[in-house]
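Number of protein chains: 2
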Amino acid sequence: MPTPTITLGVFDSGFGGLTVLRELLPLIPGARYLYLGDTARLPYGSKSRETIARYALSSGRFLLEQGAQHLVVACNTATALALDDLKHDLPIPVTGVIAPGAAAAKAAPGSHVLVLATSATVQSGAYTRALEAQDLTATEKACPLLVPLVEEGWLDNTSETQSVTAEVLRIYLAEAQREAPHATSLLLGCTHYPLLKPLIEATLLTMNYPLQIIDSAQATALAVARTIHTEPTTQISSASFYATDSIEKFQRLGSRFLGHPLPPVELIDLGG
Amino acid sequence: MPTPTITLGVFDSGFGGLTVLRELLPLIPGARYLYLGDTARLPYGSKSRETIARYALSSGRFLLEQGAQHLVVACNTATALALDDLKHDLPIPVTGVIAPGAAAAKAAPGSHVLVLATSATVQSGAYTRALEAQDLTATEKACPLLVPLVEEGWLDNTSETQSVTAEVLRIYLAEAQREAPHATSLLLGCTHYPLLKPLIEATLLTMNYPLQIIDSAQATALAVARTIHTEPTTQISSASFYATDSIEKFQRLGSRFLGHPLPPVELIDLGG
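Chains as they are written, first to last, in the working numbering: chain Y, 7 to 278; chain Z, 7 to 278.
Possibly wrong hints are sitting among the right ones.
[Claimed, not checked] Quick list of simulated restraints, FRET-style, between CB atoms:
(1) Z:Glu185 to Y:Ala208: 23 to 33 Å
(2) Y:Ala208 to Z:Asp90: 44 to 54 Å
(3) Z:Glu272 to Y:Asp275: 25 to 35 Å
(4) Z:Ile274 to Y:His94: 22 to 32 Å
(5) Y:Arg67 to Z:Ile274: 23 to 33 Å
(6) Z:Ile234 to Y:Asp95: 26 to 36 Å
(7) Y:Arg184 to Z:Glu56: 45 to 55 Å
(8) Y:Lys203 to Z:Gln168: 23 to 33 Å
(9) Y:Arg55 to Z:Ala180: 35 to 45 Å
[As the list claims (entries may be wrong)] Some chain Z residues close to chain Y (C-beta under 10 Å, calculated; not the full set):
(10) Thr45
(11) Val153
(12) Ser169
(13) Val174
(14) Ala180
(15) Gly277
In case anyone wonders, no lab produced these hints; they're calculated from the structure.
Since the structure is predicted, the reported quantities are computational estimates derived from the model, not experimental observations.
All C-beta atoms in this analysis are idealised placements derived from N, C-alpha and C, irrespective of residue type, glycine included.
The shape of chain Y in the complex, shown without the other chains (with noise of 0.2 Å):
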């Protein structure tokens, strides 16, 4: 059996950090990927800046002495607040999820961006100063209740369901719009809210607020698959499941966010 091509650990607060890996899959095949969700200490969102960085690198070290020589960051709050510290820390890449999302807002069209994030995570100001960096326009928007929308699953279960969640995405834009109405791209700057894609499109649709969407996820699995060297392979990935707590909740969700059934989650304890 031939070894895999790498070891790529990816870690998140909880089952978010999926969205990332499902587009890492299909670009880095043959990889052996190790997958962190430090569920008993989610959600990062509302938390410090210490707090937050002293998870991140107790969650770093954990999949650096599972044998990742590569560390994705895909948690929004967690590259906001702790990327310096983990790049500091660890003798390994790492790479979070805002650099790529603000080099492909560059690439679209139109240069204010709007950006949809949890609340840490827009007060630590990161993706503003990453898009002005690239010489783009920042306006950035807390949404706290859509992480919370996404994990009750109120999304396309019943149309009443899915209307709340329609309505509170029309609360959000209609604000941003209000303070940001000449943005042209819309960055989703947690990785939850690759679920909302199509609800969001089509709120942005009836509000004629066109906005071209960006996804965080898909362009951090980009960013890193560019980063790697990858001989065509026919050899099938392996992936492996970690969680802090709440094993059974992270079965349920996280197939909802990779796309396709789990594998079982194996717990472990980071303290705390």
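Chain Z: place on chain Y using the hints.
Only chain Z this time, still in chain Y's reference frame:
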């Protein structure tokens, strides 16, 4: 200056427990109150029993070290999953929110109680056990979106955000009505929910679902007050506030739960 009659420790995963403290203040005057919000590790509602018990014990021990003579677990999830551990571990009386809520339901007319709570509280079955011990029938309904809606303040700021909260309540209550059409009372099984009481009452009215609302925060404060001998006093109570993270958010949201502005909140570290 007279010494306080008693030092009461009140603990929750966040600010929700302030609804219990708000009820305690007028009932036990002249006391010293210590309130701890374990905000670094919230929400407890989606975590496992082991994790919640570990968090609750470290919070309880902290308040004991600060001089608490009675611990009020002002958190439904911690009561459901860690009350026995706390009672076993701490050398002071410990009161949770579930038994007082069940006793208040017993005093209400009718015998079928609908309980609204977080997923973890519902999964624990603690309310069903407590209500069945009172010869009552229980139907528990998990409402994961209500806490984020309350924390987002979508209660009264503009009519369109309040409409979203009302629609979410209507969806949850309609599901509950299909399951328990003959329920007679509704127990608010989460310390965030007292802030939703007016909206719940209005929603029930439009649904023709006449339930008497039982507020477990109020019931718990009454239960604690009954166990404490208080002399008439003109002494002013004192209150200290501790949080494990996000002091600014605690300060901002906390006043909404307490009903008046909070004094400065002290940041503490419980590890993890």
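Status of the hints after comparison with the structure:
no.	hint	in the structure
1	Z:Glu185 to Y:Ala208: 23 to 33 Å	holds (31 Å)
2	Y:Ala208 to Z:Asp90: 44 to 54 Å	holds (49 Å)
3	Z:Glu272 to Y:Asp275: 25 to 35 Å	holds (29 Å)
4	Z:Ile274 to Y:His94: 22 to 32 Å	holds (27 Å)
5	Y:Arg67 to Z:Ile274: 23 to 33 Å	holds (25 Å)
6	Z:Ile234 to Y:Asp95: 26 to 36 Å	violated (50 Å)
7	Y:Arg184 to Z:Glu56: 45 to 55 Å	holds (46 Å)
8	Y:Lys203 to Z:Gln168: 23 to 33 Å	holds (28 Å)
9	Y:Arg55 to Z:Ala180: 35 to 45 Å	holds (42 Å)
10	Thr45	holds (8 Å)
11	Val153	holds (8 Å)
12	Ser169	holds (8 Å)
13	Val174	holds (6 Å)
14	Ala180	holds (9 Å)
15	Gly277	holds (6 Å)
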